[in-house]
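Place chain B on chain A using the hints.
These protein sequences, in sequence, are chains A and B.
Its first residue numbered 1, the first sequence is counted upward by one per residue in my numbering.
Its first residue numbered 1, the second sequence is counted upward by one per residue in my numbering.
To be clear, the hints were calculated from the coordinates, so they are not data collected in a lab.
Quantities reported herein were computed from a predicted structural model and do not represent experimental measurements.
Mixed in with the good hints, there may be bad ones.
[As the list claims (entries may be wrong)] Some but not every residue of chain B turned toward chain A, in silico, with C-beta under 8 Å:
(1) Asn114
(2) Ile127
(3) Arg135
(4) Pro136
(5) Asp260
(6) Leu289
(7) Gly301
(8) Glu304
[Stated by the list, open to error] Estimated spans, in silico, between C-beta atoms of each pair:
(9) A:Ala126 <-> B:Gly112: 26 to 32 Å
(10) A:Ala225 <-> B:Ala391: 46 to 52 Å
(11) A:Pro32 <-> B:Leu232: 48 to 54 Å
(12) B:Pro131 <-> A:Gly111: 18 to 24 Å
[As the list claims (entries may be wrong)] Some chain A residues flagged as far from chain B (calculated, every beta-carbon gap over 10 Å):
(13) Arg21
(14) Thr30
(15) Val38
(16) Asp56
(17) Ala73
(18) Thr77
(19) Ser109
(20) His116
(21) Ala121
(22) Glu147
(23) Asn165
(24) Thr171
(25) Ala172
(26) Glu178
(27) Glu237
(28) Pro269
From the three backbone atoms N, C-alpha and C, an ideal C-beta is built for every residue, glycine too.
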Amino acid sequence: MLYDVKLTLDYGYDPPVSGGRHHVRVCPRTLPGIQRVVASTLTVSPTPSEHTEFTDFFGTRVAALAFRAPHDALQVTMTARVDVERSDGDIDLTPDLGTLYSDIEKCPSMGATSPHHFLGASPRVAASPSVTAYARQSLHAARTVREIANDLCLRINADFAYDGNATKVDTALDEAFELRRGVCQDFAHIMIAGLRGLGIPAGYVSGFLRTIPPEGQPRLEGADAMHAWVTVWCGREAGWIEFDPTNAMPAGRDHIVIGYGRDYADVSPIVGVLRSAGGHETSQAVDVLEVA
Amino acid sequence: MPDLIASYRPISGVPDEMVAADGSVKPGWLDLMHTLDRLGGEELTARFQRADQYLRDAGVFYRMYEGSEQGERAWPLAHIPLLIADSEWQQIEAGLTQRADLLETVIADIYGNNELVREGLLPPELIAQNPAFLRPMVGIKPASGHHLHFCAFELGRGPDGRWWVLGDRTQAPSGAGFALENRVATTRALSDVYGSLHVRRLAAFFRDFRNNLTRLSGDGSGRVGILTPGPLNETYFEHAYVARYLGFLLVQGEDLVVVDGEVMVRTVSGLKPVSVLWRRLDGEFTDPLELRQDSEIGTPGMVEAVRRGTINFVNALGAGVLETRALGAFLPAIAQARLGTDLLLPNIATWWCGGTLARDYVREHLPDMLVGPAFSTLLAIDDDGATQAAANLSEPDHQALLERIEAAPKSFAAQEAVTLSTAPVYIGGVLEPRPVTLRVYAARTENGWSIMPGGFARVGYSLDTSAIAMQRGGQAADVWVVSEKPVEQVSLLAGSSTMVERTPSGNLPSRAGDNLIWLGRYAERCEAMVRILRAYHLRLAETGSETHPLLVATSEYLEALGLDTAEPVPQGLLSTFDGAVRSASQIRDRFSPDGWLALTDLQKTAQRFARVIKPGDDATRAMTVLLRKLAGFSGLVHENMYRFAGWRFLEIGRRLERGIQIADAAAWFGRDDAPDGAIDMLLEIGDSVMTHRRRYGYSLGGLGATELLITDPLNPRSVIFQMTELLEQLKALPHGVVEGQLSETAKLALRLHTQLAVIDSAEVTPENLIEVANGLGEISNSIAQAYFG
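So here's chain A without its partners, still in its complex pose (with noise of 0.2 Å):
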């Protein structure tokens, strides 16, 4: 499935900052097995003082700018065209919950996609004694790490209600949990903190959806914005598999990855830290077309 993808943030300043350094990540990379990047482009305006470009970690693709000259606005465009090459797991690989953790200590890797970085406590997602509980309930109906994951997955979906105005960016998990609503990005790390509690380990998934479905089929939730989801190590066979709580599916051939991380703090689109008095205001558009 070949895509273009269109991104756009948009950054207002009243008062305008004196200098600022940032760190982006909207870039989707190359993925085995899972989507390969013909072409992408970002470009910023005004043009930075300095912009530079180093692999993080995870390995997601990160633009380091740096302004210096007072500015009221910015603004970061990425466009890619993205071929998709996902293919459905029919076949589930993956082990129950025992043979998982002993894989997890067989494990003996630190590398970007080792378990061990997804299981204790991150930045933005702490071990959280009621979502713990909440996940254990998927463990009555589910046998294998992909039946409880998707159980859990599901479970989100129908007991939260997506609402753009329940939460912000820095919502805290237990506070979204509770009023069991909020967006993309709660939904994740609810999931995250659920499958961490279980022992299993999850992380969290930056990226986008496909703007307009397929004939017949209805709209995603969260295709007008960047989107995220949650990727679970599934045992040394099966490896990472990632699910969408957001629209209770797998990730398909609908999504397109930017990067991976530990939650959110790890992969945010844009970071910064700005000299200002100020406030700020912000708006994002993406488009994500099926190339014809």
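Frame of chain A; chain B shown alone:
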């Protein structure tokens, strides 16, 4: 046998540092105790007080965090040094050298190839889930080739008489400066015996470390900075002290900026490169962009500079992960695998409960264990909030602990609960045994590790081992490594060529410049306030009535300055003193201990007066005392401070403020409808009564006063005099005059100066004076823009 030893009762079964198990006295102690005996209790007490006085005078303090007792505390020195024979010390040196090398191997692997994890020598979760593990550092080789340059180790002597490593300090070890102060204070008290024993000196260690930092800075164009979290940190005094001692820049995160991947310090001469930072804050706080986003003491882009290899951190960011308590469980095996040998100095037996065998062992031997968080970086004996001595637990608590371990075994580490050796402390004329630990510093040099020979031990407040923590009443003691042979005499100040190189000029950080200006302004403002208050209370004592028109007018004037004359020592005056102290505390490294002492004495005196002083006579006398002390402070600064850019900023602050204060006072008391006596009052405030009398007799009144206080270029209190001095200082600042052109700031000052120089004193109106005061305010803003922006 000296009485002090004869009456000393070590605890049976516990090794003692002075008296061996067979009752014999260890080397050096006999000489020391003979001397102490000979001096006698009275003389000893006097000498120990002298040591404490030295520490107070030098401003050595320690910041308390706990509970309501927040604030500064005098450095708690246990006056009897701990003596260790050089032969024994050499074993410690060999052991710590080996250990520091091993730690370097481990940290290089953790942020490098991860072979230790792959070979099963290190559990991956211990690193991957460790909050001190900084992912952005993975794969970055430090520019210098090494992660570790300065470490500290906490050592205790176990029941078997051997020294054990209780903890490794690799994040940002503190206390090396305190060790120096321990030494200075202790030798003040015990100079005679110090001279006669062959005690190894500390200076060579600092010389080597300093030379190494200078070496790391490469070709010398980049500066070496000591990066401090700032004056609120518990060991800020030490940061300032060490910066002064070693001659390095003391900087805070906000002083630094990263430009095109290079770290620069904002100085009054513009941005200057920095290539080495000895950091005294935890690594994750150094960059809010890439590490802890909530850090307010970091510099955005710092990690970028590390990635580019333009900055050397001492120690590398992420090195703190080595402090993890559970790591101790794996070091013996890693030593075997990597060095092919046992650790020369064993570390305290440690078990990580994440391993099944270890967990079972801990469960079976729980009463012999200290159990705490696996990721804790505190010593078990310093961490009694989170770490429990299982032996002290009740049966239910014991059971609960077992259950908690079972529920999350990977979160727990256990260490053998050992009794530490004791050392004598002097309490009420006799010696008593107290538990003791050593803190030993290691610095990397061109020729490998250099170990500081002694300097720092911690002595418990009571026999309870946990009472060793300084925050809980523990004390610090000097450690003397006593050699049988004469020792090398080194002073950091002595003339070896490497030690006398001057730090590059133009190094004054902008923040320091700003604080110096404000220190000057606050000090001068205090003086102006005190003079007016004295004049007020003098007249109040004479007239006995607050409703006297002159007193009412003065009251109004003081109110505009934020002073309420209902209070004899107004709150507004105290806050102005506080402001001066606050500004000075930001620049302790540029400030003589005497100057600091004089300033804090002023602050304390004013606070004391505020509690007891009554209006009128009493207040007049109090203000006279404050004025005298202020003059003392100004004198100290003026006579003792080197005339570098820092002094100029201080001087600029004083001139600006004095000009503003005189102009404002002259505008108010010199106006046509001012009450009777206002001119005398003004002259008194301007400290120009005598001059006025000599020059004008009793005639002329207002006109003479104006001339004297505004336009007389020879009166050091006149506004024009301040302007002249100000202009000179502005010209002497960096970029003050470039190719014959005055800086914008200096031009402003020149214009104001000319305006005032050409005016006829008879024409000066209050409006003119207000304009002058405003003009000085503009100059102040212009300085801030040009030098501190």
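Hints, verified against the model:
1. Asn114: holds, 4 Å
2. Ile127: Because about 6 Å separates B:Ile127 from the closest Cβ in chain A, which is inside the 8 Å limit, the hint holds.
3. Arg135: holds, 4 Å
4. Pro136: B:Pro136 check passes; min Cβ-Cβ to chain A is 6 Å, inside 8 Å.
5. Asp260: holds, 6 Å
6. Leu289: Because about 5 Å separates B:Leu289 from the closest Cβ in chain A, which is inside the 8 Å limit, the hint holds.
7. Gly301: Because about 5 Å separates B:Gly301 from the closest Cβ in chain A, which is inside the 8 Å limit, the hint holds.
8. Glu304: Holds, about 6 Å.
9. A:Ala126 <-> B:Gly112: 26 to 32 Å: 30 Å Cβ-Cβ, so the 26 to 32 Å window holds.
10. A:Ala225 <-> B:Ala391: 46 to 52 Å: The hint (46 to 52 Å, Cβ to Cβ) is violated, given that A:Ala225 and B:Ala391 are roughly 58 Å apart.
11. A:Pro32 <-> B:Leu232: 48 to 54 Å: holds, 51 Å
12. B:Pro131 <-> A:Gly111: 18 to 24 Å: holds, 20 Å
13. Arg21: Violated, since 4 Å does not exceed 10 Å.
14. Thr30: Given a closest Cβ separation of 20 Å, the condition holds.
15. Val38: Non-interface label stands for A:Val38: nearest chain B Cβ at 28 Å, farther than 10 Å.
16. Asp56: Not fine: 7 Å to the nearest Cβ puts A:Asp56 too close to chain B.
17. Ala73: The assertion about A:Ala73 holds, with a minimum of 20 Å to chain B.
18. Thr77: holds, 22 Å
19. Ser109: violated, 6 Å
20. His116: About 4 Å separates A:His116 from the closest Cβ of chain B, which leaves it inside 10 Å; violated.
21. Ala121: violated, 8 Å
22. Glu147: It holds; A:Glu147 is separated from chain B by about 25 Å at its closest Cβ, greater than 10 Å.
23. Asn165: Since the minimum Cβ distance to chain B is about 25 Å, A:Asn165 lies beyond 10 Å and the statement holds.
24. Thr171: holds, 16 Å
25. Ala172: holds, 14 Å
26. Glu178: holds, 23 Å
27. Glu237: holds, 19 Å
28. Pro269: holds, 14 Å
Going through the hint list in order, the structure does not satisfy hints 10, 13, 16, 19, 20, 21.
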